[in-house]
Structures are given as C-alpha cells and as structure tokens.
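Student: If you want the building blocks of each chain, they are given just below.
2 protein chains.
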Amino acid sequence: MPNPSDKVQLKTKKETIEGLLMPSFDKDIILIKLDTGYNIGFNKKDVQKITVIEKANPPSKNLNQKKEHKETKETKQKIFHNPALPTISVLHTGGTIASKVDYRTGGVVANFSPEELLALYPELKSIANINSELVAKMWSDDLRFKHFELLAKKIEQHIRSGATGIIIGMGTDNLAVAAAALAFIVEHTPVPIILVGSQRSSDRGSSDGGMNLICAAEFITKSDFAGVAICMHENENDNNCNILPATKTYKLHSSRRDAFQPINTTPIAIVHYQTKTIQFLQKDYPTRTNDKPIIKPKMQEKVGLLKIHLNMFPEQFSFFQGYKGLIIEGTGLGHTPGQVPNPECAIHKKFYPALKSLINSGCIIVMTTQCIYGTVNLNVYDKGRDLLSLGVIPGEDMLANTAFVKLAWLLGNYKPLDAKKLITQNLRGEINTQHQYESQFIPK
Amino acid sequence: MPNPSDKVQLKTKKETIEGLLMPSFDKDIILIKLDTGYNIGFNKKDVQKITVIEKANPPSKNLNQKKEHKETKETKQKIFHNPALPTISVLHTGGTIASKVDYRTGGVVANFSPEELLALYPELKSIANINSELVAKMWSDDLRFKHFELLAKKIEQHIRSGATGIIIGMGTDNLAVAAAALAFIVEHTPVPIILVGSQRSSDRGSSDGGMNLICAAEFITKSDFAGVAICMHENENDNNCNILPATKTYKLHSSRRDAFQPINTTPIAIVHYQTKTIQFLQKDYPTRTNDKPIIKPKMQEKVGLLKIHLNMFPEQFSFFQGYKGLIIEGTGLGHTPGQVPNPECAIHKKFYPALKSLINSGCIIVMTTQCIYGTVNLNVYDKGRDLLSLGVIPGEDMLANTAFVKLAWLLGNYKPLDAKKLITQNLRGEINTQHQYESQFIPK
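Protein chains in written order, with our numbering: chain L, 6 to 449; chain R, 6 to 449.
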C-alpha cells in the first residue's frame, strides 16, 4: 500500500496522473500533489488503480515535511490543558490558513475544522493551551463590517474569559484591512490580538501558515505588547516573522509568503523562528494592562472608495451621492482630474462640481494616494489647493484601505463634525507624522 | 542688492519671511525658498523691504547649486544648431518638470516655456541639438485618451523629420500609465521615445527633472534601444537613472525621486550620470531601425477601472453597464466578493449576477491585482474558478493601469472577439510569462 509522501501513479476512467500521495482527512478521498505544487482530490470509488513509483525518503528535519508526517499521527489526538502554560484563543474565520483542497474544483476552499488545524500544528501545544473557536468560514473577500462586530464580540468574550492573547486566522486578501478595522473597533485591549494568514494552503509543502501561527503564539507569550497586529513571514525563508502594524500594512504581492509589508514605518517586531526570540523595532507600542477590553463595533455602511485613473468620467464621482463618506485614492500627492485650462476638455469642468455636490450633501471626502508609499500633500500644487478649497480632507499618509475603515468607524461612532476632525488625527498609529519613513522605502 | 541664493529677510504689509532668494524668470516677482524646501512668490509692489541676512557661499560643485547659478546667466542665451550632434525632440506636455512657482497660490503650476526649460539645463546642448515643442500644458491627471492621439501624431511627425529620439516631459502622476498607453499606440518606432518627469519642481534645489532629462538624452544618443520607456532616478542620490519598461512601471511613492519602480521585472538599463555610461539589465529589447513609425492612436472611451475593497455593493459593478470594457483591480490572486455560503449575507449573492449581466451585455472584464507585485491566478481558489466560469478574463501579471489602457486600445483597434484574445497575449512586454520576477520583489 502506498504511504503519504510516496510518489504514485493513479488511474481513473478518465485519466492517469502522477504525483505525491498526501495525507487526507477524508477517508473517501485520495489526495495527490502535482509537480506544479497544486493538489487534486479523487473519490476513492473513481480510482481504478494506484501504484507506488518511488517510496518516500525517511522523515527529514525540514519543517514542512515534519509537519506532514505529524499530521497523520496526531489528527485524532485529544487536546489537553497544561496548567503551567498560558491560554491563547485562536479564532478561525476561514481563508487559506484554514483550507484544504476543494474536491469540487481542484482549487482550495475554506473548510478545515479548528481541531484539524490544531492537529496540524502540534508545536502550539508546547507554547500555550489553545482554545479554538470557529467564528466564520469565509474568504476574507466576503468580509463585511458586520462580521467585524461578530469578531469583536468574540474577542471581548475570550479576553474576559482570561485569554493571554488572541490569534485570528483569516484569508490574506483582506487581512491587512481587517486588522486596521479591528484596530479601530477594539478601542482598548489588555492583551495582544494577532492576525495570521497563509499565502499557501496548509496541505502544501510551502505553506507558511504554521510558522505564522507559531510565531504569533511565541510573540503573545514572550512580549509585553498589547494591541492589534499582524504576524506574517518577513522573507521567503522560514527563519523570521514580522509583527506588523495593523493600520500600516499592505499585501504587496499576490503570492509571495513575505507579501505583507509595513508602509511608511517599520515592523513592530521580528520573531526569530529558530531561536524563539523577539526583537522589537518600534519603541512606542501599547503594553499589557489588567483592565477590560473596550469595543466599539459600529461602522457606517455607506462609505465608498474610489480609485482615480486616466480618462475618468464625472459620473464616477456622482455615483456616491447619498454616501456618508468617500475615500479617494488619488494620484501622486492626492490629485484628481479637474479644471484643466483646455477648451477641448469641457468634461474636466465637471469633476469639481461633482465633488462639490457630494460634499454639499454631507459626504465627507478624504484624499489618499494610490502610490501606497508616501503621504498626501494638497498644499504643493494648485490642483491640491483647489481640492482643499472644495472641502476635500487630506488623509496624510494613511493607506486608502485604512482611511476607508477609519472613516466608516468614525461615522459609526461620532457625529459627522467630530468624524471630520478625527480623520486627520492619529488614533491607532495610522498616521505617521514623524516622516521618519522616508528612509523606509524599499527599492531593490 | 541681494543676489540669488543669499539668505534674506523680506517684509510685506502682512508678514515677515526669511529664506533663500531664488532666481525668478518674472521680473515682477520675488521668489523665496523657505526652510521647508517650498517656495513663495511675492509681487514686487507688495514688498516693503528686503534685507540680506547672509551672503551666498561661492558656487560649489554641487549639481543643483551649479544649475541655479547657470539659470541666471543662461536664461537669455540663444539656441544654436551643432551639425556634429544628433537631434533630439523634446515634447513638453506640462507637469512638475515644466513648472515653477504659482504666484496665485504659492504652490506649483505648469507654466515654463520650452525655451526656459532648455535654458535651465544647458548640459543638454553638448549631448544633442534640441528641438523642443509645447504639445500641451497640463497636469498628467488631466490627460485623456485624445491627448495621446495628439501626442502620438507629434511623435510621428518629429521622427519623420529625422529626430534621433524623442523625449516627452510630463507630470509624474500619470506618467507610468501614459508610457503604457503610448507603448500600445506607437505600434512601431525606429527610435527611442523616453518619458521623463520630475518629482520636485525645477526651481527647487532637490529637483530631479534636470538629471532625468540629461540621462534620457544620454541614453538616446548612446544606446541602440528603440521603443517607449521611462527615465527616472534609480535612487535618492544623483548618481543613476533607471530606464524603465513602459508597461511595467508603477509610481510607488508620492514624493521620492526614486518613486518609479519596475514591477515583476528589472529596469531595461541604468544610466550612470557621472560617467555618462549605459548598462543594460535586459537583453531582449527592440533596437533601432531605418523604417517609419506606425501609430494606431484610437482608443475606446467607455472602459472602466474598479478597485475591489471591503464591504462593497453590487451597484458598484452595475454602474459599468454600457461600458465596452472593465478592468477589475481584485484582491490577492484576483478576487471579488461573491457567493459566500452565509445566510446573513444575502448581498453576496448579487455580485456574480451583476458581473454576469455586464459580461452578457458585451463588456469585456479583465481581472488584475491590487497587490501591485505578482500575478493573477484564477485557478487556485474556488472563488477564482467561479469568476472564470462567469467569463472574467485573468489579466496575468499586468498592472491594472496597463491592462486598462491596453483594453481601451484593443477595443479602439480590433473587434471585441480579437480584443478578448489579445488581452492575454504579451504585445509590449506588459505580461511577463517567465515568472523570473519572483526574485525581483523588493522587501527592505
């Protein structure tokens, strides 16, 4: 009989496929990893023949192989409580970090149970007792503001029950913006709340989810940090994880494990995976307290985000009539088309009136930059000054997505006039007024 | 009397200001550079008193100071033709590279004449004879597709008149996307067409415009490259410029001089400013020919670009009903909200029908990623596969803005069915199928 990690040939009525046999949690499914790195699942009843082409090498010291072997042995182990260790709550929301292969499409869907996930990462048990709870089961693309309310209430509940820290597993697509939203919603937390994701699914050899999870747990148990942050790979190797600021992080690559980058600032800390040590890069961070968490989960639904691009039409602005807030992702220092002194371009005369009409209707418009790095400055060019005089608010160096959830949160909890004032004030590290970050830009 | 670069105190009825006296092209205006680096202009008639606080140092070898001193001497020199040198056409369109201080607002507006610009950069005269022409006078934010037609016709005309290369001065906000648009529009060019911009206006000490212009001219006269490219600072120092691929460049910082970064590829070449040498980093680039340029300037106006964000509404998709094409800037590998198996989220059931309805109406929808780096892949997750089955076309590793102008150009020149096929084919280096670029990502 073939064993997991053996190279096998598998025959069905339709096809013959070669690849590595993977451990499968579903006894009716045979799972094959192709050379491309992707997995295909087959119903056992469809498989006519399976032959071993090459036996697997004996287990090596490699992290991922080790994990694959433990998977099969430990899946059914019971979780036990060690009174000498602190307790971390792991809240699952879905995403790649909680995914295995989708047998419908050959792709990956969010469908691991919390117990299966814990079984995959047995290292966690030596760091802390793990309380895990499935809060949602969705790709982060489908998150809505009301899911943050659900999540915030769970966070509050687990902290009040004595968790020494919270880990939130989430899909990576919207992980950074979700972290920003939670940073505003959780107005005070006595313990760390760390979001982790995985750029590769947990049944792939190159999965980063396990190390991100373990580094988050190490960071929670070994540091005095309290606040919302993200824990993801620092680089393409399995040596370090970054602890990243919730409001100033961008997913800057669609697939790399080190896709998550701090913008206009440094990581808060680095977790060295091999030595299990923490190195802080930032000094002013919130620290643990003994009081209770404060959550303010209300968010205004009618807030929009509009990316400026070439050859726009004024209707793209007017669309947001009736919205309470709008984040514009402008070009450069924060610009839009409008009022060019060119008689051929009558259309440009319509942009500022469209903006003005939105502002007159009570919509708060905040300018950010699509450059990702750097700050908005509406004082440099006449274009910016024109926007200022229309009533557009400069969003300083806030990421567009961060400004978006901040404005929605402000409008959910404050009167519009106060929201207008607070949007340009640094509440959760989302605005870096020090401008130290000029040296943090990352060419090469 | 104070001279340019002297530190002065200036008094008006309203205020007293200290700063460096700047050379001014307008005899009625006194121009002061503040410690912040920004300039303020005063009408001479408003100035009550101007006193020298500190005389300027004698001219140093510093590039920018040298330029400031030459400015005053050479502004009125006549341009002469050197028969031993090749001829470069510089087409001005406006932007910071052609800007000085706006005395209306204290900001910067596009209002240098071509002659003034040439006078500012006398080094150009030793490289080539310069034919300069003012094509437009606008911020790049206000560019529309029809301006590219105007520009393309000027390019064609100057090449046919014997230019050894074309330099286009442009505002930086849309410079990268303008380069991409011109790369498609100019189907064939026998000579190089290099876009240059300036992140700091040319009357500021830290201006990069001059060096970018000079490096572009050096590159044109010293290399066999023919095609559309961008020439901007490689780093924050004044040592090198990058020659960047027209279809794979992103303005990744709102103010840094090295804001323009190659995405998923390397620069085409580096121009070493001090040694005036060219170092090619790419091997397969189009080279000079003796034939005529071919331009295809038609572009379809009704093409949109939609950035995916949290908590969207299906109406944001339906808005594009009637459009011929739509670029979606999806999350991660190319995702949108839709069809989450959550009864609380009825709204998610409406996203795919909205997309389907657009596609059924004949709108071509192409998926790109807001991660900037990396590629779209709709085969990994069930979400991607659902989008594929709706008829969404994966935009490979094209930048959203590049895909946007490519689709508009394809729909302006081909039937929809052909446009659909060509959008996923690499026409101008906009798709990097080699995936060598994994190593080009730029953390730190």
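Please note: incorrect hints may appear among the correct ones.
List time: in silico PhoX-like cross-link candidates among lysine-lysine, alpha-carbon distance up to 25 Å [claimed, not checked]:
1. L/K151 to R/K19
2. L/K307 to R/K354
3. L/K307 to R/K355
4. L/K303 to L/K288
5. L/K159 to L/K227
The hints are simulated quantities; they were obtained by calculation from the structure and are not laboratory data.
Student: Each hint should be assessed against the structure and marked as holding or not.
Tutor: Verification of the hints:
1. A distance of roughly 53 Å separates the Cα atoms of L/K151 and R/K19; the hinted pair therefore is violated under the 25 Å criterion.
2. A hinted pair counts as satisfied when its Cα atoms are at most 25 Å apart, and L/K307 with R/K354 qualifies at roughly 19 Å.
3. Distance restraint check for L/K307 and R/K355: the Cα-Cα separation of roughly 17 Å lies within the 25 Å cut-off, and the hinted pair is therefore satisfied.
4. Between L/K303 and L/K288, the direct Cα distance comes to roughly 31 Å. Violation of the 25 Å bound is thereby established for this hinted pair.
5. Taken as a hint, the L/K159 and L/K227 pair is honoured in the structure, with Cα atoms around 23 Å apart against an allowance of 25 Å.
The structure does not agree with the numbered hints 1 and 4 stated previously, though it agrees with the rest.
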